[in-house]
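Could you slot chain H onto chain C? The hints should help.
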Amino acid sequence: MQTRRLVLVLTGIAVATIVVIGVLVVVLVAGGGDSKGSSGTPKESPGTQTPSLPERVQGELRLVGGDPITLDPACASDVASAEYIVEIYSGLVSFDKDLKMVPDIAQSWDVSPDGTVYTFHLRSNALFHDSSRRVTAADFKFSMERALNPRTQSTVGEVYLDDIVGAKEFINGKAKEVSGIKAKDDNTLEITIDQPKPYFLDKLTYPTAYVVDRNQVGDSTCFKGTDWTRNPNATGPFKLKEWALGERIELEPNSNYYLDPKPSLARVTYVLSGSPLIMYENNEVDISPVGINDIERIRDPNEPLHAQFVESDSLNTFYIGFNVKKPPFDDPNVRKALAMATDKELLASNILKALVVPAKGILPPNMPGYNAGLQGLPYDPDQALQLLDQAGGPNVLKDAVLLTSGQGATAGPILDALTAMWKENLKLGFDIQIQAEEFGLFLRDLDEGSFQMFDLGWVADYPDPQNFLDIKLHSSSANNETNYANPQVDSLLEQARTEKDQDRRIKLYQQAEELIVQDSPWIPLYHGKSNALIKPYVHGYTLTPFVIPNLRYVSLSR
Amino acid sequence: MQGLASYVLRRLLWAPLILFVVSAATFALGRYAPVDYVRIQAGARAQPETIERIRDERGLNDPFYEQYGRYIWNFLQGDFGQSVRYRGVDVQDVILPRLWVTVQYNALVLLLTFAIGIPIGTWAALKRGTWLDPFAIGVFLLFASVPVLVTIPILQWLLAVKLGWLPSGGWDVHEFFGVEIGVLSKRIVLPLLVMTLPGVAGLARYMRAQVLEVLDQDYVRTARAKGLQEFTVVTRHVVRNAFLPIITILGFELAGLLAGSIFVETLLSIPGIGAYAFESINSRDYDSIMAIVLIGAAAFISATLLVDVTYAFIDPRIRLGGQAR
Chain C
726 MQTRRLVLVL TGIAVATIVV IGVLVVVLVA GGGDSKGSSG TPKESPGTQT
776 PSLPERVQGE LRLVGGDPIT LDPACASDVA SAEYIVEIYS GLVSFDKDLK
826 MVPDIAQSWD VSPDGTVYTF HLRSNALFHD SSRRVTAADF KFSMERALNP
876 RTQSTVGEVY LDDIVGAKEF INGKAKEVSG IKAKDDNTLE ITIDQPKPYF
926 LDKLTYPTAY VVDRNQVGDS TCFKGTDWTR NPNATGPFKL KEWALGERIE
976 LEPNSNYYLD PKPSLARVTY VLSGSPLIMY ENNEVDISPV GINDIERIRD
1026 PNEPLHAQFV ESDSLNTFYI GFNVKKPPFD DPNVRKALAM ATDKELLASN
1076 ILKALVVPAK GILPPNMPGY NAGLQGLPYD PDQALQLLDQ AGGPNVLKDA
1126 VLLTSGQGAT AGPILDALTA MWKENLKLGF DIQIQAEEFG LFLRDLDEGS
1176 FQMFDLGWVA DYPDPQNFLD IKLHSSSANN ETNYANPQVD SLLEQARTEK
1226 DQDRRIKLYQ QAEELIVQDS PWIPLYHGKS NALIKPYVHG YTLTPFVIPN
1276 LRYVSLSR
Chain H
86 MQGLASYVLR RLLWAPLILF VVSAATFALG RYAPVDYVRI QAGARAQPET
136 IERIRDERGL NDPFYEQYGR YIWNFLQGDF GQSVRYRGVD VQDVILPRLW
186 VTVQYNALVL LLTFAIGIPI GTWAALKRGT WLDPFAIGVF LLFASVPVLV
236 TIPILQWLLA VKLGWLPSGG WDVHEFFGVE IGVLSKRIVL PLLVMTLPGV
286 AGLARYMRAQ VLEVLDQDYV RTARAKGLQE FTVVTRHVVR NAFLPIITIL
336 GFELAGLLAG SIFVETLLSI PGIGAYAFES INSRDYDSIM AIVLIGAAAF
386 ISATLLVDVT YAFIDPRIRL GGQAR
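Protein sequence lines, in the order shown, are assigned to chains C and H.
The working numbering applies: residue 726 is where the first sequence begins, and numbers increase by one.
The working numbering applies: residue 86 is where the second sequence begins, and numbers increase by one.
For the record, the hints were derived by calculation from the structure and aren't laboratory data.
The structure presented is a predicted model; accordingly, all values stated were derived computationally and were not measured.
Glycine residues also receive a C-beta, built at the ideal position from the N, C-alpha and C atoms.
Be aware that one or more of the hints could be misleading.
[Stated by the list, open to error] Per the computed footprint, the stretches of chain C lying under chain H, defined by three or more beta-carbons under 8 Å from a beta-carbon of chain H, are:
1. 794 to 807
2. 949 to 958
3. 1001 to 1013
4. 1025 to 1037
One chain only, chain C, in its complex shape:
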């Protein structure tokens, strides 16, 4: 009786399985035939007929967005938040979509001969969204001091604004205001910085220097009294219409916007959750990034979506970092051995399906100062073996651990491929261990220097080599996790900070980069690219290599 029952239960399961699989096959075959038969018409035509999609407004652009932490420009430290802030708010200067520094609320500016005093002339037609008043120099002074004020509890205020004279005294409570920010009159703002730094204007494009309405923000901090960020009275090309936490963000154009082109979209809706590609194919969004699992399908020229696919360089570098203060990686030969045993070409083309370009140096392509002639450390297993032998043979790597941030059961194809390459090329006879940690723990271990090697990426805040070389590899930088310290590199980087001749400055950075690559505190692995599927009726949308305002250039034809 028992066996009979069991057999019948199993039969039930089997039949159900067969039915499910049968349905799948039928759908698959039918679906396949369908797409072949109608290859002339675009594949989305059945979808566009579905009338029940959320009421689409004429001129509405629908995007997939990150779920922001805050829309207070003084507090935003993440890309997801900055993405909206740059469209809603604005500052003195900004980058246009060709990455050229352009006037924004400041119509023009002068720099003193010694390069430390910036005088900004504000335009008089920059109004707040509610049209109640124009932006004055005092608004900028208020906004920047608010970002720096320790009461505001911003993690980024001083990162971007501490070059200003008097900022440190203000943060430490020794001064009531930042002496280096002066509102001369309504139209004139004077900012004095501690040293002539050519990249200072770049830092002003970051949200911390954006203007907020002091009548609205009151004494709110990054953590308390943030209600106003649900309905900010700002100055950017778009206004925040609605922010449904975790669901969607809706923007509408600012009809008072002071720059051309003015926004032409009637509405921008960001969907904050969901699978982007599925929503794109289902005509629920107009633009979607493509992940590694779908990239081969989309790249196939026979794929109908292929024609809607665009790719572009990004300003970032992914790398393996070594703790150069701890054995075994305090020995440069061990670091170099691993670097030269790493086949970056193979990694980029095979594992990452050419979603990236292999990296030779620290700076990504398109970054000013990018050295196309830089050879870097070549892929050379024989020399790698020799170097490792000089350092004591494979056994020095016996206890090496590669720290990574992640929660999955495996470390992912990239790290798996790396450890396999090292094992094979260095004839280790064992795998280098990978330890995956939750992001928070990972950050803590980097802070504390309790790691041997790790993998991480660095994304540009602004297009200047200082943003990579000085911030990541100067011995006294808070963001130098590797503890790398080379006095010669330090001095080159310090000279470059204040060098006014752009060509000489670039040369200094390239020299520093050359030395760094030879010392190998990093194995630069690859530079990521950004990509997207864009519906044919969307015009003027550019993939920008980092967060800059670009929605006002977009228009729709349908």
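Coordinates of chain H only, in the frame set by chain C:
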């Protein structure tokens, strides 16, 4: 019913104590877990001194009992704290809309599970000895055995991408008299499918066992001997009596659904409490985690209490607290 009143009172007196223990444990887990939200949100571009300064100002460096005391003090005054995932938004403003979302579709799932599970279980029991009984149970067991992590992507691909019948996920709301109702959209179909089908198996099997037990009872035999129609026997005497014990699993069924919501909501992008719980833990959103855990504990306490009380009402054989007779 005097026994009942004192029983309910005793249970209610226990509730705050249970909640207190739960809150202290959760609070301690959060505070003693490595890394706090200030560090996580500062990301890779952070100055250690700034982070330390913000920690000091936000009281994260105070001793545990001070922080917990402050939390409880505010809590008793109705201030449940602010989210840090959504900076500065009051926790109840983040959580209540999400809770409403989860409650809506979970209630529907529960209803459907019972509506399908009870008849299937009864029918399977009545067909005992034929192939239909294990077959029917087997079909639903298949769905119960496949994790939602597998069924969701398959159904998304099938129903949304291939057939285009349904959106791939998400949550639409329609307003009725100021109340946002999300279950009237066809986006509800996917979550209903993936949660109801596996739920049916457990309930149907339980119901089947109960019906089998009741079928052997003397009163069923008597009813049949009286010459009652089989339909009347089944509905009046069998199902009604077999149904009673099922009520007890209602509370647990609800708790199970809430736990499952974490996956379903994350994968189907439903802005409910489950997805938010997962996110809060990852971002160390202390006040949100506390609120979610306390709401969950309170819901569980009241559900079990309600079940026990209902049970005492409908089945006079039950004597609560071992009193009387």
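To see whether the hints hold, each was checked on the structure:
1. 794 to 807: holds (count 6)
2. 949 to 958: n = 5 at 8 Å, threshold three: holds.
3. 1001 to 1013: holds (count 5)
4. 1025 to 1037: Violated: only 0 residues of the region 1025 to 1037 of chain C have a Cβ under 8 Å from chain H.
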